[in-house]
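Undergrad: In case you want the letters, here they are:
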Amino acid sequence: MSMINSRPVATRTQAQEWPLYFADLYDKSKAQEFGLSFDDFAAILEQVSRAYLAPDTSQAEVRELHASLRLEDLALARACAQGSEAAWDRFLNRYRQKLYDAAAAIAKEESTARELADSLYAELFGTRQAEDGQRVSKLISYTGRGSLEGWLRTVLAQNYVNEYRRQRRLVSFEEQTQTEEQSRKKVDTEVPADSRLEQATDAALLELSAEERMILASYYLDERTLAAIGRMLGVHESTISRRIGKITARLRKRIIRGLRQLGMSARAAEEAMENDVRDLAVDLRGRLV
Amino acid sequence: MLQDRCKKTTGERSMKGQNPDGSRRAGELAINGRLMAKISKIVRSSLARGTLEKSADHPDANLLAAFAEDRLVNRERAAVVNHLAQCTNCREYLALASSGAGTESSAVAGPATYQRVRRFSPVWRWASGTAVALCVLAVVWQVRVQLPPAAQSQKSSPVVPSAKSGSPAASAMSKNELETAKDQALSVAKPKPAKPSSKPIKKELRPAEEQASSQVNLPMAMKSESSRVAPAVPSPDLQSAQAFSAERSRVPMPANQPFRVLRGQLALRSPAEPNALWSINAAPGTASNTRGMVQRSTDGGQTWETVHVSDNVDFRTAAADGLDVWAGGTDGALFHSLDGGLHWGQIEVADANTQLRGTIVSIDTRKSPQIAITTNLGETWISMDGGWHWRRE
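If you're matching them up, the sequences are chains A and B in order.
Using numbering that gives the first Met the number 0, read the first sequence as starting at 0 and increasing by one per residue.
Using numbering that gives the first Met the number 0, read the second sequence as starting at 0 and increasing by one per residue.
No wet-lab data here; the hints were simulated from the structure.
Quick list of simulated restraints, FRET-style, between CB atoms:
#, chain 1, residue 1, chain 2, residue 2, range
1, B, Gly284, A, Thr56, 52 to 62 Å
2, B, Thr379, A, Ala121, 57 to 67 Å
3, A, Gln133, B, Trp125, 51 to 61 Å
4, A, Gly244, B, Thr329, 50 to 60 Å
5, A, Arg266, B, Val131, 46 to 56 Å
6, A, Ser208, B, Asn375, 50 to 60 Å
7, B, Asn352, A, Ser237, 50 to 60 Å
8, A, Ser237, B, Arg74, 22 to 32 Å
A short, non-exhaustive set of chain B residues, derived as facing chain A with CB atoms under 8 Å:
#, residue
9, Ala60
10, Leu63
11, Ala65
12, Ala67
13, Glu68
14, Ala77
15, Leu83
16, Ala84
17, Asn88
18, Ala94
19, Ala96
Sample of chain A residues facing chain B (criterion: CB under 8 Å; computed from the structure):
#, residue
20, Ile105
21, Tyr141
22, Gly145
23, Ser146
24, Met213
25, Ala216
26, Ser217
27, Gly233
Don't be surprised by glycine CBs; every beta carbon is placed ideally from N, CA and C.
For reference, chain B alone in the conformation it holds in the complex (with noise of 0.2 Å):
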């Protein structure tokens, strides 16, 4: 019975081409005629004999269905490309495969070299490239705005009078003013090394956490007056979970047992600022919140703004050094940024036999790229590479 029925549905379809849209692909015929007409005949009695050369070795359902995902490596994808080149039959078992797909592609990311990058079709690269050049204008126009007046109208009009304009002005000024203009231009140009707030931080610091927070966090957030430029503000359309995993990838990642991001998270959309101190819970009012919150200050202590992390973790600890910002808590929750806390990922701290569970009271990153965990239960974790692997002191 089912073998009559494909017989009857199938044999339509081979009676229009083997195409359930006949219509449709008429249409298509009549739109491109022209340049297909030049070379269908030949082609097609060519391409028909490639194919009678196919080779038995088919692809298994496992192949074609990974092949329709985009999770074979390129090696693996090359051959299955190059059998699907020749043989109608896989071909048909692709192209009814797909026609009853649903979403299910890439649902779950396997490692990058099993996903091939996918390619855009115009609209997405046009819209990109809009949303790349909004994210160019965006920036220039922030850095204007944040720029001091007076730093503004000397880039509008140099202070500094080249030698070979010959204006009255410049012959004008002496050798002494010329100096002082530009220590000024230079000063306004560079950014502002954090001050260390002269009014006492308001916090409530929990026992277990004293001892880190004084020594590690705003010695950290402080020292650093790192030449890095802060990131370009991303657009908000642009700002992805995956942005972290970007950023992170850019640091080598040693052989042998990579650290895990276990989901990537966005937090604040003001700029970075290297020079920002961090802090949990550091606003006035905030000290006694049940949960603990990563805060930072841009103002030397000043005023703190709070920065979405983790909903789900009771924050005891952050620390800073430069752009790198990481923040522990509950269940062994440690989270990093490295572009100043725009995008976070959180980090599994884990060995081979073990992983780390407790509440994370301190971290300490003053010998960086080597990273120093204590957690509430006396353990210590420690990684020397920048958090790619760990071991337990």
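The shape of chain A in the complex, shown without the other chains (with noise of 0.2 Å):
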């Protein structure tokens, strides 16, 4: 606290005018422990800030913003990317063991959490060179928006989802062929529905806020248990069981109300819901088997 009045003040007025509150948020940042200088620090800010905000947002959201941002995570990050030692033993000390027990809570399999957790690390150090022959660490790319190890989860998260993923592009010709017949086979003995009646449901789905269909899509589509819904939007299962609740009972009257403007009688739209419901038992029914 005792640099505030010199060194900021003198690095501002070497380079570029920066500023005034740059220096309140360059201590903050503790960057001077790790190396980053002033200047390094204040261009990052504005990296951020152009990446964020359009060119034209006034200089209080800019602000704002900068105030923000996760700081010492950030500085952190950059002048591990720069190759400072110090930050890099801080890095290993503080995020080493939570990177393998992220890795460990995505991948479910002990060697293949260390497995990935190895690959990130090596990205971090610096797996591609820049034209300059430069190692290019993978922290370049963090901003500080988020905390430094929700980050580091959420790249170990990518990184797994698309290494399946590109491992699956690799399945063989067989197993891709019975895959295909049996999915012909299954929308071969499902009943076509009434054009209607998508066109209600969908038109009651777009009533739906953005969250909402967020939910219903991971419930439905993706099959993912209230708990995991709830983990993803910061709030307890029970609260997304209700609200799943109410949103399937609000739907369902919402397209029944779209059948009866598009023509359909209440009776009719009720029979037309109710042997969709039928189908979909049959369905479940053999999902959960």
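Grab the two chains, each in its own frame, and use the hints to assemble them into the complex.
TA: Laid out in structure tokens, this is it:
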């Protein structure tokens, strides 16, 4: 804190004119401990605001964005990317175990988790090279919007899914043919839905908020548990359960209303929904077996 | 090798519907089966159609991590949610990343607009509602206890009879008696202004503090015959360090460079008193303490109680303007309470270039909202807006 008055001001006069509050943010970030200069740090802040805000954004909004950043994490990550040994020591002390724990939670299998974490470490140290031959660390893409730990978990999740997806493309031709046949049979057994029912359902879904559609998609399409959806949205699973109940009840009413607006009688609309339910019941049992 | 293992593990998961806990999911389906079954098929196919139309502009790991930690502004959050509603991949990234989440989220708070208010689960809604009801009951009970017996009896049996009552007692009461009774009732209801103590306050003043204390502390404490009502006393469970910030947020913040509350603190749990006297080590026997403690008196200086503000500061001066109380001490520490000392927040006194570093020896609030502070180094800092902005004189 005693450095507030001397260092940033002196540095500021050497190069570009930075906003005065950058000095305060620089102190908060403890970037100096890792050898990150004030100008480097200010340039990072500028880069972050350019990435997320339009050029004509007011100064107050820019400042608010800067104040919201995880400054210590940002300085640590960028110092690591620049090759600071002190930063790497701190990073390994703080995140090494967390990274392996997160990989274990994602991969559910020890050796896979270790391999996943190790491959991310390699990316963080820098596996690709820039034009000048310097290694480029993946940490250069961290912007401090969320915590460094959260960012690492998300990158791990992306790597895990992408590796799996790449591998899935290499599935043998026989396996692929079998899967296609199964899905074709399944489609053949399905009763073709009334186009008005589809139309009414699409319209009803569009009336929902994006978050409600996300919850429905997570539950019905991705078949995630209530607890998993709750974790994604930061709420308790009972809240998700109640919301799904409310959303589905509302959706059903809207679909019936839509069907009636499309010229279906009330009884026919109810029947259309019931037919769909009977088909589904069979489908659902088949899935649960 | 990794790819093989990924295939194996995720392949198993996909057989169970990409769910590592298939039995749990099956249980949920059984419980909610009736409602789900009613729309599930048609919704699933419609949602799948929507998913196919997903945009290619995926949020990066930074935005997804910030989303999971509730650190996005509403505009950004809406965009991410809209994308997640359409994109299976990103939902999977988020779900997997959340599965390994610890307690990191929101550990460091950003500005208010970068934090969404968490939606409370019903358990918390009920708990908070019950707590508020208990608070109200506690306040009512405390007010009743504090009222003198005469006031309570007057309250229970109205002194001023209604003109329409027509009772023999009312008709027998003369007009003068009626006025006297009204005055008595009003005098009980009004808060008593603090009277200056006839006893001298035993206090050893430090040389630098002497002038400020004589000019600032007592006059400020006593001048405020404010009509403001003391705030309700929160239950101990509800007292939190955030209360100061919440209280402070009622004061409109001017644009440009807001003041900073370094941290909120808890203090005493007795009710706020707008007419209290505030001083440093004024209680008998505490004048020679090595560390200055903030103390207050609610009986005109006869007795003093120590108010816990901070353990790390040697306080040198305190000043009050009604329920606005200020206390300053070593290393530029300035604390402010908006509720008569119930909650305190530390305020950083700084302008764009420098920060107050010396020991605060006097605080002048006589021209409130103008606040003037002087230090042992002879510096004077002035805020014209109740502490939001400061300038060095």
